[in-house]
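If you want the building blocks of each chain, they are given just below.
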Amino acid sequence: MAERIDVSIEHRHDPGPEANGKPPANTCPSCGSHYRDDELDRTLRVCPQCGHHFPVHARARIGQLADEGSFTEEASGLRSKDPLDFFDLRPYTERIAEAELATGLGDAMVIGSGAIGGYDCELAVMDFGFMGGSMGSVVGEKFARACESAAERGVPLVTVTASGGARMQEGILSLMQLPKTVCAVADLHDAGRPMVTVMAHPTTAGVLASFATLGDMTVAEPGALLAFTGPRVVQQTTREKLPDDFGLAESNYRFGHLDAIVPRLELRAYVTRVLMLFDGR
Amino acid sequence: MAAEDEIRLRERLSKLRSLPLLRGARISGELSKLQRQLDRIGAPLDEDEIWRSVKLARHEERPYALDYIDRICDDFVEIHGDRARADDLALVAGLARFEGRTVIVIGQQKGRDIAERTRRNFGMAYPEGYRKAMRAMTLAERHGFPLLTFVDTPGAYPGVAAEQHGQGGAIAASQAIMARLSVPIVSTIIGEGGSGGAIAIALADRVLMQENALYSVISPEGCAAILWRDANEAPKAAAALRPDARHCLELGVIDGIVEEPPGGAHTDHEASARLLARALSAALGDLEGIPGDQLRRRRRERFRRIGVFTEALTPSAAPS
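Protein chains in written order, with this note's numbering: chain A, 1 to 281; chain B, 1001 to 1320.
Read the hints as simulated data drawn from the structure, not as lab findings.
These numbers come from a predicted model, not from an experiment.
The beta-carbon is built from N, C-alpha and C at its ideal position, and this holds for glycine as well.
Treat the hints with care, since some could be wrong.
What the hints assert, rightly or not - Chain B stretches covered by chain A per the calculated footprint, using a threshold of three residues with CB under 8 angstroms from any CB of chain A:
1. 1150–1162
2. 1166–1172
3. 1192–1204
4. 1215–1221
5. 1226–1233
6. 1241–1253
7. 1305–1312
As the list claims (entries may be wrong) - List time: in silico EDC-like cross-link candidates among lysine to aspartate or glutamate, alpha-carbon distance up to 16 angstroms:
8. Lys1236(B) - Asp88(A)
9. Lys1055(B) - Glu1221(B)
10. Lys1055(B) - Glu1211(B)
11. Lys81(A) - Glu68(A)
12. Lys1236(B) - Asp85(A)
13. Lys1236(B) - Asp1046(B)
14. Lys81(A) - Glu1311(B)
Isolated chain A, as found in the complex (with noise of 0.2 angstroms):
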């Protein structure tokens, strides 16, 4: 109850559009309510007013999800190399740049070893701050050698999604980061080796197409985004109506795409749940 009553008395101190003309990152873009950063953290960045499900970075998602210091991260050395000398309005290497910088990432996946609930698994944990969490090369790497990683020491791969797609900038290179990793969850489960997918906001395009769906369980957070194609293309090229819940993960379950919607504050303990079953045999 306390909480609630300082969230309103924060909301009366409305501090406004930031100058770039955004909401700041702590408003609920569902209820208005504004947040300090520790007070987002302790509830695991849901808003405690009205449950909207703010982004996570891959690290903190890790922190959430995995025993504590459990994870070992891999593969971290792993950049891209601006194959194709991509250049639109900015050349790709800044756009890069600007977005290690940013997230102190090397790529949009941090991959590792780690427990969560005790059970040993795989970590493969995508970062939507990282160029909208886009799969080119580093990402795909990433992913196969996740799959081989859990493969070889015997444990399940669990994956948290959160993409807007195939990244342009390395052109059809990114395309072939599909079935790329297709190959992977292929050779993960030839091996007997389970994948538990955590869809969060937003998955679309490429990595829904590819290693994302493919898992032996595949569950998203409320509200997340989950589409082939964004409500935004499929307006313009369609003039088509879309239903108001068009592609969120609500829709998804209902049409049959999803085997639950957990909330962010129940995940740790669902996924321990699943994991143990897939231990059990």
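Place chain B on chain A using the hints.
Frame of chain A; chain B shown alone:
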């Protein structure tokens, strides 16, 4: 710049020479094909030339999947429906006779006139289309028939119903089946190889591409709209994306380029089909006699290797 192209191709040649085990018994055929293509290489394509090839790939007189199937196969019996919801006419599949043996063919099909274009949904399949393709793949596996796929789509259909029926999941599942098949698979990009909609039927042992075809992660228009914030910058986006056959070959994404008649495939459907049949025959010949589990392993290794990155030794990876 031509020298750089040459170096890249030569590097690929020497890589192939040093890794014969990864490419199978018929490695020499592969080598001579690359060598011939190296010989034909001229100056690299500039923006105008890449844009010309975009237009050729989308030319309305360009042969479509059924035009080729009719010409290169002796018989073709089409299958219909995904056994769940519908028959998606943007994707055709069936049993066919190719050079005296039964094969399964799958292709995206565009339409020639307004009525047929609408019926074929401009070659943009719904999940139902990919599920029909999966039926055909399963058929190939069950009876040991090689699989030939013909890719020609602007992309998977971006509509509300397509999303509700699981477009992303269908594209993934189709690739997952191809990763499991133990029969030879040859995929050819014959027109537009548009993103996820294309790769859904192109996880193959050999990936060929016609001279003027495109293979791209996003349409030049889509890329321009996002990165240039102006769809009219599509020619610039196309030049940056390099979706043409030669760049795809250099990047190791495709295994060979299929020649077209001078002026493009649309100028002579018969000649174009003969050239395609010859390439398919050679590719199937390369794969003949390789046991299924090896085919599957090499197919996965083929895609496992694609990607360009650097790797610095990290404290955890370095010997301490």
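Here's how the hints hold up against the structure:
1. 1150–1162: Check passed, 5 qualifying residues.
2. 1166–1172: Check passed, 6 qualifying residues.
3. 1192–1204: holds (count 7)
4. 1215–1221: n = 4 at 8 angstroms, threshold three: holds.
5. 1226–1233: holds (count 3)
6. 1241–1253: Since three or more residues must qualify, the claim that chain A covers the segment 1241–1253 of chain B holds, with 7 doing so at under 8 angstroms.
7. 1305–1312: The restraint on the segment 1305–1312 of chain B holds, since 7 of its residues have a Cβ under 8 angstroms from chain A and three suffice.
8. Lys1236(B) - Asp88(A): Holds, at about 8 angstroms.
9. Lys1055(B) - Glu1221(B): holds, 13 angstroms
10. Lys1055(B) - Glu1211(B): holds, 13 angstroms
11. Lys81(A) - Glu68(A): violated, 34 angstroms
12. Lys1236(B) - Asp85(A): Since the Cα atoms of lysine 1236(B) and aspartate 85(A) sit roughly 14 angstroms apart, the hinted pair holds (cutoff 16 angstroms).
13. Lys1236(B) - Asp1046(B): Measuring from Cα to Cα gives roughly 10 angstroms; hence the hint holds.
14. Lys81(A) - Glu1311(B): holds, 10 angstroms
The structure fails to meet hint 11 from the earlier list, while all remaining hints are met.
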